[in-house]
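Asks: Could you fit the two chains together into a complex? Lean on the hints.
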Amino acid sequence: MLQGTIIYGFINSVMLLLVALGFNLTFGISGVANFAFGALYITAGFLAWIGLNTLGLPYWLAGPAAVFITAVLAGLLYRFVVLRVRGLVVSEVIATFGVGLAILELFRFLGFIGFEYTLPEMLDLEVSLAGVIVDGQRLAILLVGAGLTLFLWWFTRHTRTGRAFRAIAQDEHTALTLGINTERVATVSVAFGAAYAAVAALVILPLGTIAVNEGYHVLVNALAVCIVGGLGSTLGVVVASFMIGFAQTFTATYLDTSWMMVVSLLAILVILLARPSGLFGSQKQLEERI
Amino acid sequence: MLEVKGLMVFYENALAVNDLSLKVQAGQVVGVIGSNSAGKTTLMNTLSGLILDQRIKELRKGGERITIMGKVIHEGQDISDMPAYERVRLGIVLCRERHPVFPDSTVLENLAIAGHLRSKVEVAQTTELCFDLFPNLTRWRRRKAGFLSGGEQQMLAIGMALVVRPRLLLLDEPLLGLSPAMQEKVVEAIRSVREKTGVTIVIAEQFARPILPMLDFGYVIENGMLTLTGSGRDLMENPEVKSAYFGL
Ligand SMILES: Nc1ncnc2c1ncn2[C@@H]1O[C@H](COP(=O)(O)OP(=O)(O)OP(=O)(O)O)[C@@H](O)[C@H]1O
Ligand SMILES: [Mg+2]
Chain C
1 MLQGTIIYGF INSVMLLLVA LGFNLTFGIS GVANFAFGAL YITAGFLAWI GLNTLGLPYW
61 LAGPAAVFIT AVLAGLLYRF VVLRVRGLVV SEVIATFGVG LAILELFRFL GFIGFEYTLP
121 EMLDLEVSLA GVIVDGQRLA ILLVGAGLTL FLWWFTRHTR TGRAFRAIAQ DEHTALTLGI
181 NTERVATVSV AFGAAYAAVA ALVILPLGTI AVNEGYHVLV NALAVCIVGG LGSTLGVVVA
241 SFMIGFAQTF TATYLDTSWM MVVSLLAILV ILLARPSGLF GSQKQLEERI
Chain Z
1 MLEVKGLMVF YENALAVNDL SLKVQAGQVV GVIGSNSAGK TTLMNTLSGL ILDQRIKELR
61 KGGERITIMG KVIHEGQDIS DMPAYERVRL GIVLCRERHP VFPDSTVLEN LAIAGHLRSK
121 VEVAQTTELC FDLFPNLTRW RRRKAGFLSG GEQQMLAIGM ALVVRPRLLL LDEPLLGLSP
181 AMQEKVVEAI RSVREKTGVT IVIAEQFARP ILPMLDFGYV IENGMLTLTG SGRDLMENPE
241 VKSAYFGL
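For the protein sequence lines, the chains are C and Z, in the order given. Residue numbering for the first sequence is 1 to 290, as defined by the working numbering. Residue numbering for the second sequence is 1 to 248, as defined by the working numbering.
These are calculated hints, taken from the structure and not from any lab test. Using N, Cα and C, we set each Cβ at its ideal position, and we do this for glycine too. Among the hints, erroneous ones may be present.
[As the list claims (entries may be wrong)] Quick look at which bits of chain Z chain C covers, simulated, 3 or more residues with Cβ under 8 Å:
id	region
1	57-65
2	110-117
3	207-216
4	219-226
With the rest of the complex left out, here is chain Z (with noise of 0.2 Å):
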């Protein structure tokens, strides 16, 4: 479904990710692990499109130079030059990291705006499914989202991306500030949303733990490089990780 080959991003002249290659196969879970600055964040951007906006925005304030090498191929077709808002339109859709909602509308209205691509009765039904798993958010209908628990954005933001029906989501460290009771109930909602919805996820995350479970497929990365691959359980048996991230 996706395939990323030979990627390299350099933020002037430091490496964010260093020939990293790797593919997504439809339907699968597919995890990319790795600490802080390990290049998840710049590798989702590149995955969204969202980095191209990033280096024309810098190319216009004169600020860092931004180059990408390497090609991104969904299904077939060469999408490294698309932007960000036309690969939505393929069904990419990223969730970015830190729960990133518009505080100065409610959550319904954040619903609304998430579904700028899709009609009234798609946004209904898809809201509904977002109540449906988080539970939580239906006493906050009426608020406006920048008044929300960091937990409770985070959930927000992915039943954002939810109406948008991605079939591919990217899902950029979504258990990050959450308490393990909440990554819990997340871990569950992104279970949830694959067996209703079918679609292919991607997810970069820090705490492989409450993750690894759910993987099909995993890569671990670190200061940009690939150094580990394997299904879930693989990588759950793998002394390496359990060192690293499980702090065994």
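Just chain C, with the same shape it has in the complex (with noise of 0.2 Å):
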């Protein structure tokens, strides 16, 4: 039992971990609020049903164009509607916020719902770690959490685009006066992230239904990570998922599942009281400095 629930705990934290990443990529990174992320998870998901179910796609087809058609999405998306309010980032969160509201509730209004959306495991087997059944599904989420990890961190520290990513955070005068297309460099980040999203929908949607209340929900554990590690720091966001992805998952075995999503809640809450600029996040101090 106790077995059980320490690796389903880690499990449940390399999903709160992939689902993070590409938001602390925009939103911690970049300094890019993109609260439609939500949306595009489930919209990669959709997509990639459409493809495979409607259009009788081949999965190694359907999966790489969903990724690419939700990162061009969010691009789009970026450079025609938020671009207007670039630098006002409370309405850049509202004005994101209501996008992804209206796409999610799109797709509620044009019916998407049932049970029928799911989509397609990537791995077909099972194994055993330390007497626990764990399926191919669960394992390709290890997988490809860790490797979107490791990729991000390289990324972030060794490209061009990467280091600019880290620029227009902090200072977007200082960027532009070294030759760098800061709003250029704002798409390309909120792209990346829903690529990242979009990723993480296709390894962890097969577990259930592609519902359009799950958008809500990435958007609330995506947000708690960050907010818990400290908004930028990928360490810290690996740390906030294991802590976070734990505690959902005891408080899931011995209380009850309904529980999970106010422990994301009550992470943002008592971080928020105790230690605004999260437990890895240095930013604000840094700042107060100068």
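Replies: Right under this line is the structure:
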């Protein structure tokens, strides 16, 4: 029993991590708010479903196409809707949240509800970890989670674009004076974060159905992880994912699954009261020095 | 190399730069001398194009209206409407006032970010040049820039501008907030940058005394208007400059 809880807690943590990475990439590292994040996650799921079931495409085509289209959609959304309010964080949050709401409710309105909306599993096998049976999809989650974390860590440190992400978050005017096209970099960051959301959707959604409400949960979870970890810190996101992930799994096991979202919301509340810059956030303290 | 014709900048209805014209020849060091709120930063931001971004941001916010009239001409081309990041590609690089560095990134990361338009090899070369110019920075390579002293941040900011490999370097108050000894060091560094790279330099400064000796040409501005022009030597001997900027 306890072993099972620990292993499933671990997997749940990696799922949170997967969802939070993309959000952290856009909001934390580049300082661009994209609160349509959960909607993009669900969009990717439905796009893949349409590719597979309506168009009859093979998975290797439908999956990557869903990721690509989600990223492009997010980029366009940013370029044509959010850019008008760029620099006004509160307006960015409201604008993107509004767009996300519209997308999610549009899916509901169009009747994308029901048990037939599921995605196929990626790995068809089962293994036993410490006596606990783990299915192939959950293994895929672990592998993809580890891969995407390492890639993000490398990308933000060792590539031109990754460095530009950090630059525009810290000081946009200085970034401009160094030849960085800040608006383009911000758009790329949004598209990149959306691609991460789409990949997360492809590996996590096969565990259940593609449900509109999941879009809201994803946003709250991503927000909780990023706030607890401290916006912008990849290490912080990893640690926070595990803290919240285990807390959720233990709550679900010993209380009830309906309490899982409460854990995320409580985590946000506690951190905002106790340590507003997050466990690993240093930005605020540094800014005070200048 | 660079020419400004009849520049006027309004913030809402306040005139910050009034009918200003100036010329910068290739290879020169040109000074723009003026006390607080003379319009130096406004001028430098107009040369670098940063003011266009400020104007857009204010417009989005529904904030103040920034009006720019006149022309900025770079090697015969009118660049008045060219965004800041594109001007950097022409080699026009501004080092903003108050040591603009990325506080949350280390010294080396700051220099790497500054190399956005440059190859790895080029960045490595200028990084070395930068540590040669400012030996103080050498021991702080892996320290977050936000934890450096103001003077060290200023050196890093100038180093970052050099990593971009400017052809025209615009320095906005490089001596601000530095001790006299530190000011000497920075002036010395600017001099050696010029010798080593042959870059054209425009310096906006209120501390006239340390920089006048190295100027090929100087413009004195007050309340956004040109009041005096001349070579560095002429200005140094000018009684008005002496009384206003040397406190004599
Ligand atoms: N964003 C702004 N909005 C409104 N007025 C401004 C703005 N920036 C500058 N000004 C005004 O324009 C005038 C010129 O300012 P500017 O910053 O160019 O002067 P400066 O010579 O750089 O001064 P300092 O030596 O203090 O940096 C000042 O009267 C200032 O109050
Ligand atoms: Mg100024």
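Asks: Identify every previously stated hint that the structure contradicts and give their numbers, smallest first.
Replies: Per hint list: 3, 4 violated.
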